[in-house]
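Protein chains: 2
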Amino acid sequence: MINLRIPGPTPVPPEVLEANARPMINHRGREFAGILDRVTSRLKEFFLTKNDLFILTTSGTGVMEAAVVNTLSPGDRVLVISIGAFGDRFANIAKAYGADVSRLDYEWGKAADPEDVRRALAADPAIKAVLVTHNETATGVTNPLEDIARVVREFDKLLLVDAVSSLSAIPVRTDDWGLDFVVTGSQKGWMVPPALGMVSVSPRAWEAHAKAKMPRFYFDISAAKDYLGRGQTAWTPAISVFYGLELALDMMAREGLENIFARHRRIAQIVRDGVKALGLELFADERFASDTVSAVKVPEGVDGKALQKLCEDEYDLIIAGGQAKLAGKIFRIGHLGFVSEEDVRAALDVLAKALPRVGFAVPAAGSGG
Amino acid sequence: MINLRIPGPTPVPPEVLEANARPMINHRGREFAGILDRVTSRLKEFFLTKNDLFILTTSGTGVMEAAVVNTLSPGDRVLVISIGAFGDRFANIAKAYGADVSRLDYEWGKAADPEDVRRALAADPAIKAVLVTHNETATGVTNPLEDIARVVREFDKLLLVDAVSSLSAIPVRTDDWGLDFVVTGSQKGWMVPPALGMVSVSPRAWEAHAKAKMPRFYFDISAAKDYLGRGQTAWTPAISVFYGLELALDMMAREGLENIFARHRRIAQIVRDGVKALGLELFADERFASDTVSAVKVPEGVDGKALQKLCEDEYDLIIAGGQAKLAGKIFRIGHLGFVSEEDVRAALDVLAKALPRVGFAVPAAGSGG
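Chains A and B, in that order, give the protein sequences. Per my numbering, the very first residue in the first sequence carries number 1; after that it's consecutive. Per my numbering, the very first residue in the second sequence carries number 1; after that it's consecutive.
Note that these hints are calculated values from the structure, not bench results. Predicted model, so just to flag it, every value in this text is computed and none were measured. There could be a bad hint or two in this list.
The list treats identical chains as one, so a pair stands whether inside a single copy or across any two.
Said to hold, decoys possible - In silico DSS-like cross-links for lysine-lysine, where the CA-CA straight-line distance does not exceed 27 Å:
1) Lys329 / Lys225
2) Lys276 / Lys309
3) Lys211 / Lys95
4) Lys157 / Lys128
5) Lys305 / Lys225
6) Lys325 / Lys225
7) Lys309 / Lys225
Put together the whole structure using the sequences plus the hints.
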């Protein structure tokens with residue numbers, strides 16, 4: 001049995017995989033309208049929002065683009081808070097569409113400081129929107145989104161949130177925190193395969209949308225809204241993933257959202273404790289370490305790629321490497337969505353066996369299994 | 001057993017549905033790299049091209065947008081040939097991104113005339129690119145693409161082709177005909193669920209791409225090319241659909257592309273003959289009637305919606321209605337991808353039974369079954 005421990009695509013429960021294999025239906029017919037309606041309502045419960053919510057057939061990057069092009073015009077001044085590769089991506093998307101990007105950058109491994117956001121907004125009243133990664137998958141760091149959102153609300157700016165690898169696993173209280181455009185992807189905390197992105201749109205984001213001049217067509221939320229009124233998606237949807245998503249959301253509703261959050265907190269702590277017991281060092285500032293993905297420093301003298309390959313080839317454990325400038329310097333363990341304590345304990349056991357084989361002496365206490 | 005006879009999503013063979021249910025893997029790992037490589041090579045055989053080919057996680061509309069934004073700049077003069085709703089969509093995408101759109105419009109049900117294209121290009125040398133629908137799903141008409149392409153080549157313009165509902169079922173000879181940017185979608189002729197769009201890019205299209213200034217990020221083929229070099233897609237792909245696509249392409253390769261074309265021609269003729277035998281009239285100019293979808297006029301005095309509902313509720317036959325201005329005026333029968341003579345004969349039998357129940361007297365010869 002493969003233990004897929006990357007931060008997405010995440011493992012999919014067997015019954016959800018089975019749902020994935022149901023025959024095709026008419027995406028403009030009554031059966032699909034029922035699925036779309038139920039899934040949309042359920043997703044709102046998990047987004048903790050009464051805002052409009054749309055499901056687009058695309059990956060996480062596509063819904064990040066949707067956030068930008070639906071709310072901004074070329075030349076708009078925006079503040080992008082980047083703590084890693086996905087923050088950089090948000091900035092690059094905004095730049096590609098002609099936004100005037102001001103950056104608040106942090107050393108990778110650190111979280112953003114809401115007071116810096118306050119200073120940046122106070123210093124530059126032209127800023128119209130703040131773009132922020134909630135959970136930075138590249139570094140295993142979760143930003144203090146609630147505190148950042150409070151500052152952004154004080155200044156009455158638009159807040160676009162990449163919650164791709166946090167939503168449904170780490171609390172994102174869309175309405176309580178006043179988040180305007182929140183995006184996530186099916187292959188992360190939702191226990192289904194990739195292909196669907198979900199976005200929530202606040203009344204404030206709709207106001208911005210009415211004036212937003214960035215070109216858009218496929219990702220246009222006006223089209224999504226028009227069609228949703230008829231029980232349809234604007235363009236042909238990833239039907240198989242919808243089948244699975246409806247079932248996965250039922251399973252999640254049975255577990256309960258707060259219980260899901262607690263499970264992720266508990267399992268993440270097991271990973272962090274286990275990694276340290278192995279004599280390894282976490283990459284992230286531990287006060288902001290993510291409950292969905294842990295980044296671990298590759299120890300001095302160890303070949304990170306060789307470790308990854310050994311885990312995969314001989315122990316059926318799939319972990320992720322580092323991205324961009326962290327390639328070879330960290331490895332990452334995903335623990336979001338369909339994940340149990342046993343899954344991560346099994347992963348830690350494999351590391352205890354594999355690390356000595358790539359030249360790293362695990363302390364006696366850490367190899368206990 | 002449901003007989004899904006709409007022009008997409010099309011039925012998926014049982015073994016392909018099963019492949020859809022395989023567990024997730026690392027999209028940045030070796031196993032996926034192998035799938036991506038094999039599927040990409042196979043698709044080139046079906047596109048009849050040696051051009052670059054990329055697979056994007058999106059619907060047909062998304063790859064139409066990819067064709068536009070990757071090759072054009074705002075203000076570029078383009079000629080859009082529209083014979084129906086999907087031609088209009090191509091024009092709307094180009095307009096949304098700031099192209100200066102000149103239109104060559106035809107009455108719905110008719111095909112474009114290559115001589116009109118010649119006149120339009122001769123009259124307006126500023127035109128940089130021609131955008132054309134190969135097979136208009138909304139009207140059941142196939143444009144004479146080879147002849148249109150010959151004219152476009154004479155004038156040395158860029159040719160962007162929406163082959164969403166033709167490719168793999170109706171001949172599209174990408175390299176022989178000199179097609180620059182060809183797009184299609186997984187849920188049409190490919191026998192897999194929706195979520196993947198495929199695009200081929202000629203050297204001429206790459207030259208245009210190098211100068212093209214329309215904003216793009218998710219659909220940027222430069223990113224797709226960079227990542228394909230590493231055996232990856234730029235963004236997280238619809239993995240389950242890839243599983244199915246690999247298998248479906250194997251099945252298609254066993255049948256052989258020319259045999260697949262012949263099967264579609266034969267089955268389409270059965271539909272057209274059968275519809276006429278029922279006393280119904282085809283909507284499309286029959287010289288250009290599509291081999292993948294047939295549009296049929298709703299007879300005087302018959303409620304098209306009631307016919308559709310009756311077929312679905314009592315006979316398990318799903319047909320499509322008319323789109324946009326054809327709503328209520330036509331119904332459409334899909335016959336592309338995983339389709340046999342038996343499937344369309346069964347559909348015709350249902351129509352023979354259902355039509356009298358909505359007030360249309362079927363001639364004695366037509367109800368023979």
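Check: Hint by hint, which ones does the structure fall short of?
Finding: Checked against the structure, no hint fails, so every one of them is satisfied.
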